[in-house]
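Going by our numbering, 62 is the number at position 20 of the sequence shown; the sequence numbering is gapless.
No lab work stands behind these hints, which were simulated from the structure alone. The structure displayed is predicted, hence computed values, not measured ones. Incorrect hints may have been included.
Said to hold, decoys possible - In silico EDC-like cross-links for lysine to aspartate or glutamate, where the CA-CA straight-line distance does not exceed 20 angstroms:
| # | residue 1 | residue 2 |
| --- | --- | --- |
| 1 | 261 | 300 |
| 2 | 301 | 231 |
| 3 | 265 | 304 |
| 4 | 197 | 220 |
| 5 | 83 | 134 |
| 6 | 84 | 52 |
| 7 | 176 | 220 |
| 8 | 317 | 300 |
| 9 | 301 | 115 |
| 10 | 261 | 214 |
| 11 | 114 | 136 |
| 12 | 265 | 300 |
| 13 | 279 | 300 |
| 14 | 266 | 300 |
| 15 | 180 | 220 |
| 16 | 83 | 115 |
| 17 | 84 | 68 |
| 18 | 56 | 92 |
| 19 | 265 | 284 |
| 20 | 84 | 48 |
| 21 | 301 | 284 |
| 22 | 133 | 167 |
| 23 | 114 | 52 |
| 24 | 180 | 134 |
| 25 | 279 | 231 |
| 26 | 317 | 262 |
| 27 | 266 | 214 |
| 28 | 244 | 167 |
| 29 | 83 | 125 |
| 30 | 266 | 220 |
| 31 | 180 | 115 |
| 32 | 286 | 304 |
| 33 | 279 | 304 |
| 34 | 261 | 304 |
Unchecked claim - Label-pair distances were calculated between CB atoms; the ranges are:
| # | residue 1 | residue 2 | range |
| --- | --- | --- | --- |
| 35 | 197 | 256 | 16 to 24 angstroms |
| 36 | 154 | 83 | 20 to 28 angstroms |
| 37 | 250 | 80 | 39 to 47 angstroms |
| 38 | 60 | 111 | 45 to 53 angstroms |
Backbone N, C-alpha and C fix where the C-beta goes; we use that ideal spot for every residue, glycine too.
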Amino acid sequence: MQSNEEVVRERSMKFILNKVMALGKEIIKKDVEDLIIAECKKVMQNITCEEFETLMTILSSTHLISTPEGQKELVELLASTAELDQFFNPKDLDQVNRFITCLDFAIPFFSGHVESTKFIVYVCELLNRYILIKDNDKQFIILKSLAESAPYCGKLMNPEAVVGQVYQALLDLVTVPENDTIKKVEDMDLHRVEALLYTFHKLGKQCPDFLSKDAERQKEFKKKLLYIGTCTQTFVKIVRQDLKEKGEDDVKNDPAVEKKLEGLRLACNINTLIKELFNIPPRFKATISLSWLGGATKSKLAQIVQEGKKHEPIIVDGKTKRIDGSNNSQQLYQPPKDKFSAKFSNNSNNSTNTTYNHRRGNATGWNPKRSFDASNGNRRSWRPY
43 MQSNEEVVRE RSMKFILNKV MALGKEIIKK DVEDLIIAEC KKVMQNITCE
93 EFETLMTILS STHLISTPEG QKELVELLAS TAELDQFFNP KDLDQVNRFI
143 TCLDFAIPFF SGHVESTKFI VYVCELLNRY ILIKDNDKQF IILKSLAESA
193 PYCGKLMNPE AVVGQVYQAL LDLVTVPEND TIKKVEDMDL HRVEALLYTF
243 HKLGKQCPDF LSKDAERQKE FKKKLLYIGT CTQTFVKIVR QDLKEKGEDD
293 VKNDPAVEKK LEGLRLACNI NTLIKELFNI PPRFKATISL SWLGGATKSK
343 LAQIVQEGKK HEPIIVDGKT KRIDGSNNSQ QLYQPPKDKF SAKFSNNSNN
393 STNTTYNHRR GNATGWNPKR SFDASNGNRR SWRPY
């Protein structure tokens, strides 16, 4: 596996995966597995992405996968391969691909026993420049992976700094309109909002006074939350109008309807998070399933659509504060139906269904084949053909 000949290296890895590991635990004892693990580690830092995926499949077939200690070892190996000690350059496609791939493989191992802290700190530190990545799908993958990793973050050394980075990313993402209201509402990316709000909600537990200790910070955050709530309710109203004539069979079988129901799950999650974070001090008790991971049943969402159920108003200190514009402090804008609906439809197809995700059993959204890049010296590239 340490050969400089790519064909030899690839064939040796495939032989171990398809022939040796297939012999089973009865023949491949622990000492043999330990030797295979050691050899995999030796070459992990200088391989193509396709070879990396082969090696991770081999390692996932060993005894490492069966214990928390072994899973921690795999996560440490992935952190090392991701080069978390290096400055993240969003314009370096090789580094971006390497990091996304390693984090994607690490997420299934995160649990109450295997922390995601190293990856969380690294991703939060790069939030101020992730938008410089040219590929919008990869930008969203990073935010999505951050949100999926957040529940398993251990104790942070400097929680205020980490939470502050997520806070600033939210402020940068959400721009409250002044004049061009139509453009601003159409440009609202609720998928990214959900990912960052969820991350803030999870990590904020470690710094519960982050907002309350700074009056201006709290005021600005509430302003953003009110506007997000306005956009979300506008979106829900439009989706319900689109689905008004649909029957139960359409709700169950029509892919277009299914996409809109997923959008309602997204909106429900955002409203739940807003209600939690709008309190003084914020609450961090709600449990939600991220919209791209599922969680709510079609029948339940269909019931919401057909009944026209309205979201509950935000309750702050025992008083009702609506975010639907009824207090006249935040006017509810009604955007053109077709434009706003098309915006969500395109976003659903291009972002939430970006399927570079081996753990979901489908890699059709990403070409896993990587080539050697001579311009990268002796370093094998992670760039797609």
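Proposed proximity, residue 300 with residue 265 (alpha carbon, max 20 angstroms): violated (32 angstroms)
Given hint residue 304 paired with residue 261 - CA-CA distance at most 20 angstroms: Not OK: residue 261 and residue 304 at ~31 angstroms, beyond 20 angstroms, violated.
Agreement of residue 244 and residue 167 with the hint, judged by alpha carbon distance not exceeding 20 angstroms: holds (17 angstroms)
Given pair status - residue 214, residue 266, alpha carbons within 20 angstroms: Distance ~10 angstroms between residue 266 and residue 214 Cα, so the pair holds.
Given hint residue 284 paired with residue 301 - CA-CA distance at most 20 angstroms: holds (12 angstroms)
Distance restraint between residue 133 and residue 167, which requires alpha-carbon spacing of 20 angstroms or less: Holds. Residue 133 to residue 167 sits at ~16 angstroms (cutoff 20 angstroms).
Restraint check for residue 114 with residue 136, where alpha carbons must lie at most 20 angstroms apart: violated (25 angstroms)
Restraint check for residue 180 with residue 220, where alpha carbons must lie at most 20 angstroms apart: violated (30 angstroms)
Pair hint residue 265 and residue 284, alpha-carbon separation not exceeding 20 angstroms: Violated, at roughly 29 angstroms.
Distance restraint between residue 279 and residue 231, which requires alpha-carbon spacing of 20 angstroms or less: holds (17 angstroms)
Restraint check for residue 317 with residue 262, where alpha carbons must lie at most 20 angstroms apart: OK: residue 317 and residue 262 at ~16 angstroms, within 20 angstroms.
Distance restraint between residue 286 and residue 304, which requires alpha-carbon spacing of 20 angstroms or less: Roughly 16 angstroms between the alpha carbons, so the hint for residue 286 and residue 304 holds.
The structure fails hints 1, 3, 4, 5, 7, 8, 9, 11, 12, 14, 15, 17, 19, 23, 31, 34, 38 (numbered hints given earlier, in ascending order).
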